[in-house]
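Visitor: Here is how the chains run, residue by residue.
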Amino acid sequence: MDAEVRKLSQARCPSGPIDSRWSRHRFEMKLVNPSNRRKFKIIIVGTGLAGAAAAATLGEQGYNVAVFCYQDSPRRAHSIAAQGGINAAKNYQNDGDSIYRLFYDTVKGGDFRARESNVHRLAEVSVNIIDQCVAQGVPFAREYGGLLDNRSFGGAQVSRTFYARGQTGQQLLLGAYQALERQVEAGTVTQFTRHEMMELIVIDGIARGIVCRNLANGRVEAHTADVVVLATGGYANAFYLSTNAKGCNTTAIWRAHRKGALFANPCFTQIHPTCIPQAGDYQSKLTLMSESLRNDGRVWVPSNAADCEKDAGKIAEADRDYYLERMYPSFGNLVPRDIASRRAKEMCDDGRGVGPMVGGDARRGVYLDFRDAIERLGQAKVEERYGNLFTMYERITGEDPYVVPMRIYPATHYTMGGLWVDYNLMSTIAGLFVAGEANFSDHGANRLGASALMQGLGDGYFVLPSTVGNYLAQLKHVKVDEQHPEAKKAVADVTSRVARFVSIKGKRSPDSFHREVGQVIWDHCGMARSADGLAKALRRIPEIRREFWENLRVTGEAGELNQVIEQAGRVADFLELGELMCIDALARDESCGCHYRTEHTTEEGEAKRDDESFQYVAAWEYTGDMAKPRLHKEDLSFEFVKPSQRSYK
Amino acid sequence: MNLTLNVWRQKNRGDAGRFERYDATDISEHMSFLEMLDVVNERLMAKGEEPIHFDHDCREGICGACGLVINGDPHGPQNATTTCQLHMREFTDGDAITIEPWRADAFPVIRDLVVDRQAFDRIVQAGGYVSVRTGSARDANEIPIPKEAADLAMDAASCIGCGACVAACPNASASLFVAAKIAHLGLLPQGQPERKERARRMVAQMDAEGFGHCTNHYECEGACPKEISVEFIARMNREFLLAMLVSRTELASRGGR
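So the protein sequences, as listed, match chains E and R.
The first sequence lines up with residues 1 to 649 when you count with my numbering.
The second sequence lines up with residues 1 to 257 when you count with my numbering.
Please keep in mind that the hints were generated in silico from the structure rather than gathered at the bench.
Please note that a few of the clues may not be correct.
[Unchecked claim] One-sided excerpt, in silico: chain E residues whose CB lies under 10 Å from chain R:
1) A77
2) G247
3) R508
[Claimed, not checked] With a Cα cut of at most 27 Å, we get these calculated BS3-like pairs of lysine-lysine:
4) E/K505 to R/K47
5) E/K489 to E/K39
6) R/K11 to E/K505
Glycine residues also receive a C-beta, built at the ideal position from the N, C-alpha and C atoms.
Based on the provided sequences and hints, a complete structural model is requested.
Guide: Right, here's the structure in full:
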């Protein structure tokens with residue numbers, strides 16, 4: 001493979017002092033005269049935090065924006081489900097926080113696989129995000145004096161997380177959604193709901209539009225523009241069971257990848273430690289319980305495997321193993337997500353898990369116990385902080401967490417990998433920008449809690465509005481419309497792909513293939529990865545994909561609302577992406593952050609990086625042969641935060 | 001457990017629609033209601049029949065996509081629970097369950113249990129926002145807000161826009177949805193400059209969309225998965241009246257234009 005590796009050097013990161021890079025870059029970027037902006041058309045796909053914020057802001061600036069989402073309203077994008085909070089370096093608590101500390105924590109938390117320039121910019125705009133959201137009327141939690149409250153989150157020793165009960169994502173998204181609807185009313189943004197992007201239109205190497213399927217009636221439509229922004233979220237649903245919404249999918253970014261956009265670090269997928277364990281084999285998704293619960297909840301398992309079947313209340317204090325507090329005295333229950341997840345898996349592998357046995361290998365659950373917090377703070381205070389999460393837990397499990405400790409287990413939650421972008425958030429296809437979780441840019445090999453909301457809004461409100469303008473200001477191409485041969489060809493391609501799903505007339509539903517491939521990816525490219533396991537997955541995934549195209553059953557017709565066709569399209573792309581995830585995981589012969597290769601551990605059982613060989617972004621090019629993508633490397637340099645073995649002890 | 005389902009099937013907007021009966025056998029009490037439907041759908045597809053179409057997405061009670069009328073109750077029998085969070089332990093073996101879409105003129109059926117709720121977006125477009133340009137905000141802590149006001153605004157802001165209030169109302173009124181947004185922004189200092197205009201325009205748009213009027217049945221509050229209080233409707237009525245009075249006065253002062 002080495003012979004084919006190419007160096008990727010057009011990241012366009014500014015140089016010089018880290019704290020002036022973004023402001024200098026912003027000054028150097030080209031501007032579009034306000035009266036010329038309406039002549040430029042911008043397509044934005046996805047209406048989560050990044051997409052809605054970008055659409056609202058670019059609309060406000062006077063551009064002609066078209067925004068697309070697969071949901072029936074932009075307000076339902078999956079950002080809505082983020083619970084815990086959003087980080088910002090406001091230092092309102094006077095506890096030693098600063099932009100530099102947020103930058104430092106994020107680079108370290110990402111296990112030195114993120115770009116310093118991007119991360120510092122993120123920390124800088126974090127303070128503007130909070131100002132913006134408060135001005136929009138986002139009802140963040142407040143203290144009695146009327147000022148904003150903060151809480152702590154994993155991977156940090158300061159309290160910099162702003163929150164709105166356990167519904168921070170909802171409130172931030174509603175703020176962005178309302179700003180977006182204001183622009184719809186103003187006529188600068190046109191909104192297309194129940195539209196799924198199925199293809200990217202590329203003309204002479206430049207992104208010029210998208211092909212959508214109107215999910216309400218099955219019609220396939222081309223939309224052209226001067227620039228395309230993908231803000232379509234992550235691909236955690238590749239695992240089938242994840243905390244993502246059922247509709248979350250990789251199709252938009254995968255189709256762009258097939259058209260030439262490099263896909264970076266696909267194996268960097270985050271497993272969230274605090275999710276409700278699987279209850280049965282019919283399970284359709286996993287539900288996350290906010291990481292903020294680890295502020296007050298204590299994680300434990302029985303010290304003796306023999307106690308695992310007992311009621312938690314009957315296990316004596318001395319027989320409880322608060323393993324995170326024991327192993328990590330300084331961070332305790334607030335260690336970063338990858339570490340908390342891995343330790344939970346180890347406890348269960350060790351036979352000390354709790355809860356029901358599903359599938360039969362081991363009990364997959366550990367306790368998250370609020371007994372001490374309720375004693376210390378009183379039930380009313382605990383209810384005020386986490387009430388809605390406790391209610392949700394009880395709805396799902398039928399158990400009252402005020403009385404019986406919660407059971408939690410890790411689940412796939414977020415994907416740090418995504419389309420490769422330069423400092424301007426432009427992919428390797430000119431005119432194709434990628435924002436939020438859909439790109440790879442800011443979190444390295446592990447994302448810290450409350451940083452996804454920060455990145456989505458940072459990209460949408462503050463980065464894209466500058467960098468997209470800069471691109472448009474230098475544009476030389478002529479306008480194209482839906483009648484262009486390339487647009488017509490893309491429509492024909494999508495139409496025939498949909499027709500093919502319907503025509504196979506096999507025996508298995510899209511969902512059954514999705515479950516099968518998801519299990520393979522979870523087993524071999526989940527919390528622990530090995531060369532043997534990945535090799536197995538790489539044999540199995542193409543077989544499942546082959547069967548999919550021979551034995552798929554899609555009921556109904558193409559020209560109507562047909563949720564089976566929607567599923568088929570999404571699963572078809574996950575079946576391809578899954579292979580790339582495993583190829584990337586196999587090629588990255590080190591451990592780092594979320595990527596835990598069992599061959600590479602420190603003596604203390606932590607991820608052991610190999611900076612000499614792997615301090616790079618792995619960006620994969622589609623070659624037409626799914627098994628042989630071409631690797632491009634973007635070398636990472638750390639001028640400010642010197643790589644070290646992460647220690648949270 | 002074994003259940004009998006009576007499900008509304010409708011091919012498209014123009015189709016008259018009808019109830020179809022399905023047996024749901026071997027259902028686990030730990031399944032969510034939508035997982036039960038997933039199982040039924042997998043079995044339908046295995047027979048070559050078309051699955052039951054329904055909207056759903058996050059399946060954790062926050063996106064507001066799902067919404068079925070279950071035995072006459074929007075989101076089913078459990079209080080403060082979306083359809084996706086309803087679990088089969090709320091039912092007993094042998095139950096017959098009737099499943100229908102939201103019924104309201106302003107929410108036309110697209111297919112089976114899927115309805116068109118774009119009217120809600122248009123109501124928000126009419127004024128459900130604070131007009132603030134990106135980047136022009138002052139420091140967040142320069143606007144102190146009493147905790148009580150922030151908490152009450154948050155109560156209103158927790159609306160998920162599912163439309164259960166409309167489905168529950170005998171008049172298919174959207175008053176609770178609209179009132180919650182007017183209250184959320186009207187309770188905060190940031191929302192004051194546009195407060196009257198917002199109330200006036202959002203109420204006017206609600207009427208224009210064909211939603212009915214509130215005649216104090218309070219079914220909406222009972223159906224709301226986020227327990228949003230009807231007190232917000234009283235607040236909306238006051239705001240609307242005030243807005244109308246003021247705007248008439250303003251009109252008068254401008255010579256009746």
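Visitor: Quick check on the hint: E/A77 CB to chain R CB, less than 10 Å?
Guide: holds (8 Å)
Visitor: Is the hinted pair E/K489 and E/K39 satisfied, with a Cα-Cα distance of at most 27 Å?
Guide: holds (26 Å)
Visitor: Hey, does the E/G247 contact hint survive, CB to chain R under 10 Å?
Guide: holds (5 Å)
Visitor: Verify the proposed pairing of E/K505 with R/K47, using a straight-line Cα cut of 27 Å.
Guide: Given that 27 Å is the threshold and the Cα spacing comes to 12 Å, the pair holds.
Visitor: Would you check whether E/R508 satisfies its interface hint, that is, whether its CB is within less than 10 Å of any CB in chain R?
Guide: holds (9 Å)
Visitor: Tell me if the straight-line CA distance from R/K11 to E/K505 falls inside 27 Å.
Guide: holds (21 Å)
The structure agrees with every numbered hint stated previously.
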